[in-house]
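Colleague: Start from the sequences and build out the full structure, keeping to the hints where you can.
2 protein chains.
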Amino acid sequence: MRKLLLMSCVGTAALMAGGAAFANDDLVKMSQNPKDWVMPAGNYAATRFSELKQITPENVKSLAPAWTFSTGVLRGHEGAPLVIGDMMYFSTPFPNIVYALDLAHEEKIVWKYEPKQDPNVIPVMCCDTVNRGVSYGDGKIFLHQADSTLVALDAKTGAVVWSVKDADPAKGATGTSAPFVMKDKVIIGVSGGEFGVRGYVAAYNIKDGKLAWKGYSMGPDSDTLIDAEKTTSLGKPVGKNSSESTWEGDQWKIGGGATWGWYAFDPALNLMYYGSGNPSTWNPKQRPGDNKWSMTIWARDVDTGAAKWVYQMTPHDEWDYDGINEMILTDQSIGGKEHKALTHFDRNGFGYTLDRATGELLVAQKFDPAVNWATGIDMDKSSKDYGKPIRVAKMSTEGNGEDVNSKGICPAALGSKDEQPAAYSPLTKLFYVPTNHVCMDYEPFRVSYTAGQPYVGATLSMYPPAGESNMGNFIAWDGAEGKIKWSNKEQFSVWSGALATASGLVFYGTLEGYLKAVDAKTGKELYKFKTPSGIIGNVMTYEHGGKQYVAILSGVGGWAGIGLAAGLTKPQDGLGAVGGYAALSNYTALGGQLTVFALPN
Amino acid sequence: MRKLLLMSCVGTAALMAGGAAFANDDLVKMSQNPKDWVMPAGNYAATRFSELKQITPENVKSLAPAWTFSTGVLRGHEGAPLVIGDMMYFSTPFPNIVYALDLAHEEKIVWKYEPKQDPNVIPVMCCDTVNRGVSYGDGKIFLHQADSTLVALDAKTGAVVWSVKDADPAKGATGTSAPFVMKDKVIIGVSGGEFGVRGYVAAYNIKDGKLAWKGYSMGPDSDTLIDAEKTTSLGKPVGKNSSESTWEGDQWKIGGGATWGWYAFDPALNLMYYGSGNPSTWNPKQRPGDNKWSMTIWARDVDTGAAKWVYQMTPHDEWDYDGINEMILTDQSIGGKEHKALTHFDRNGFGYTLDRATGELLVAQKFDPAVNWATGIDMDKSSKDYGKPIRVAKMSTEGNGEDVNSKGICPAALGSKDEQPAAYSPLTKLFYVPTNHVCMDYEPFRVSYTAGQPYVGATLSMYPPAGESNMGNFIAWDGAEGKIKWSNKEQFSVWSGALATASGLVFYGTLEGYLKAVDAKTGKELYKFKTPSGIIGNVMTYEHGGKQYVAILSGVGGWAGIGLAAGLTKPQDGLGAVGGYAALSNYTALGGQLTVFALPN
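Order-wise, the sequence lines are chains X and P. Take 1 as the starting number for the first sequence in the numbering used here and just add one per residue. Take 1 as the starting number for the second sequence in the numbering used here and just add one per residue.
Take the hints with a grain of salt, since some may be wrong.
Unchecked claim - If you anchor each label on the Cβ, the simulated ranges turn out as follows:
no.	chain 1	residue 1	chain 2	residue 2	range
1	P	Lys112	X	Asp303	50 to 60 Å
2	P	Lys337	X	Lys61	52 to 62 Å
3	X	Thr450	P	Asn586	57 to 67 Å
4	P	Pro454	X	Pro600	42 to 52 Å
5	X	Thr450	P	Lys253	53 to 63 Å
6	X	Lys61	P	Pro454	17 to 27 Å
7	P	Pro600	X	Ala502	24 to 34 Å
8	P	Pro600	X	Glu481	35 to 45 Å
9	P	Asn120	X	Ala583	26 to 36 Å
10	P	Pro454	X	Ser163	51 to 61 Å
Since the hints were derived computationally from the structure, they do not count as laboratory data. Just so you know, even glycine gets a beta-carbon here, dropped at the ideal spot from N, CA and C.
Modeller: Here it is, written out as structure tokens:
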């Protein structure tokens, strides 16, 4: 009887999905139901905003854990659960267990999927064995495994419906990101920029897992799905072989530009948005040229993958300012004109707002005052350097030379923000951005490429800006003005994703393990709770049985927590993170737990 | 400055201990301060009773987690934290990390001790890689490591003060139990009854770790520290070589009688109490005789180890009814006479109450109606079988023969209760007993002894009693009458230790992960909360900053949870536990977390 009830409940969602031409028709509708959380960012616009308002600035002080769940896996837990009706779904770091819990029956485990994966994939995961969550569509739950397999699971039973091996971990290509369901496609990226993997986005048919299209970050136009005339950059056609021409010889073949971030989708424009990562290697001297289209915001047609526009934020990267961070789609009035906007807080420390239909650059400002590698972005449309960063020569790791330790560069390689996604409230019109406040010494060195071996080419050490001790800030950002509205200091990087709610609350987690709630207008801390382990997961909310819940995955790790997660102790280990974040071990230990909060009855 | 504050705080406790002739003078005093929890059972009487009463039957419904902490270790978490002033101390399963947290400074980790241990110890731990906690005395924290090392850590810094290797894991001897500080001794037992280890209790000098005395469970009187005349059993001198004479040849040398349970101490009588475990092997046919003094309650002089009295509960065990469960010291009026009593809930399903000064048997009754291997205990003092179980022939695994599967024996090998310790409230005069409600099929087979190899000699399968589905009960027991007062059904064994408080509350945890609070008088469930993982730890309480807290370690495992903990799947694996407890995987997953509850502000 219980089974029947469950089946009928999930069955409703499945039927909805099955009955429509495209999964996304339902997903758009489903994402508008604030009781559920049907996709990683809550909605296609990636605002991580919820209309739920039972928990308010007034009563949030009474918030308390309602139930908790251990995932049985240690190391870094990025991502967040999905909630669809009575069911909750989430995934763990390697070995990428997926749990399906029944919210109507004391969170009983309805099914559990644990893939068998070769543990040799672990050493080729640069920055912990993370997985950023599952997606839902067409009655299926999609998991992007560490070994790059994309698997479709029956949402009711956990049975494998189809599965496809996307890439070769033996060559350094791994899966860490959430899949994204858009229309009749399941879209995934690839991790491996530190192994010379050439990044791409792959779209698989939701029904059978057949590859629909694949768009690379670099290479010939036929690989990048760039059209010399139709694809634009800052309003102009990019021209023929815009990528290949910015690389020396065949270097683009091992050129990086991984695609492991959060994707957004505008159904009206039929465009998907994402960023490509750093060029390989981290030693800039070894790869002359702009290294296009690494470090680029991409707008692609979801049906064909055709690139509509591109914008490269950091041409010829010298600092690993990977461009994969999320794209948030909002309506913004900028310079007296309404725009369908896209806002992106880049690792390089600049917050960019563009018109997402045209790729026009509207705003580009530092969102951390510590940023010192560039003084700004050239906004002069008549300049030959329009849209490019105005670099500070002293901070050029290439200029300073190979085997020279360039000191005091801000931000550090892990950026003023990394993958930890920001939220946006249409009510305050502010973005809520978890940030890193970290600088670095960076010493590039010559490295040769061997498939499957690290192709990093730099040693790093990381630390807070001179004279400061806090390594993070949680800020509110006015995207139209490009200004920080308020900023809360945190001892460590804020490596959790934010959530904004209609009641005027913003939630985030800290590396020490606190879930915090702050006032959306002022940033005033209204509530905190010490969860079992450091938080690098993303806060989400849902309603069940008439009650609003706030859920967060704990589990310290990720790049900032790699010292704890992988048991590293030398300051320069973990691509430099171990040194800066060593003090984390005074506050928390490994673990993987879900904590679900609610107001008392 | 913070460090100084801390040092002065812990320093107070250390000074107290250092200034006295014996550590226990302070510990007795300290254990009377209900704000602290200075020893594993809260006090030497092992009542697990607290005078704190801020949390009441009326307000307990408002209880909520106040803070949580992940231990970074998976598998079964038995034991409980200690609290001494501002400091909290606890240990994890293998690798036996010890954490010292500062309760006055947001539970920051003051120090962490992680021993380097050979992982080869793991396969010689019969029933998960558990550790039952640390002890305090003389300014030191004592840890009994899996590899049998007893280590004394500076309570302020975690520095190793002394360390001694107690036994040889290569021969199957391991450490799982908490050490016990009594006067100027640190006393430990040994695990390894399934490897033919001959059990003993060892007392080390608290100052330098030098062995003071060692008393074996079996062997010559010089080994057992038994005096033919002065040591009594049921009021009579045991006579010369009372142990050796009950074994065939040298079998006592590999005879089991491990000593891994909870110890109690009566400072007035200067006697310590504990139980010895099953005789080795589990195939009774292979070891004729009563197999003394396995399965025995022991009273020993703490200074010398001299045995004052012994009482064997299950002579010539045929079911693995290991006798190590806790001894609870209370005052009881029985048959119109006041007794300094000792109450013990044995694996064999009988609750025994003895006069702890004399070893006189006062009460012996079934505490689970399912018990069917014996009809009762012979209480006729004139009988030659006085004090012995009255056995049911059909349930004799020896009688049924080797390689014969004896079916439907209750309780199962893990007993009507295992190590999960009961609590006692002097206010209700009731014992609160977490029980197993489990039966078994048991098939003994011939096995030969090889040092360090399993010496089990039986296969088992476990399941609930016929016609029932609940595998556990939480009961209130009148020790004077030997009767169940109330009984709450639980789906699985209640494998957590209980806590009783002066406000009339009793707390326990469940294998699904719930912490529960019930009314001490009626058993009515007043509160439950789903912690991250299944609970096999023991509930404790303390007061800090004027607020009462209740703390519990989650982390499913132990014998009942061995299937989940060790990834076993065949029903007969895990000494038969996997089959009976397979459904646990529908409720919880591995994890190690401390959850600390309080009333809202």
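Colleague: Which of the listed hints are broken here?
Modeller: The structure breaks hints 3, 6 and 10; every other hint is satisfied.
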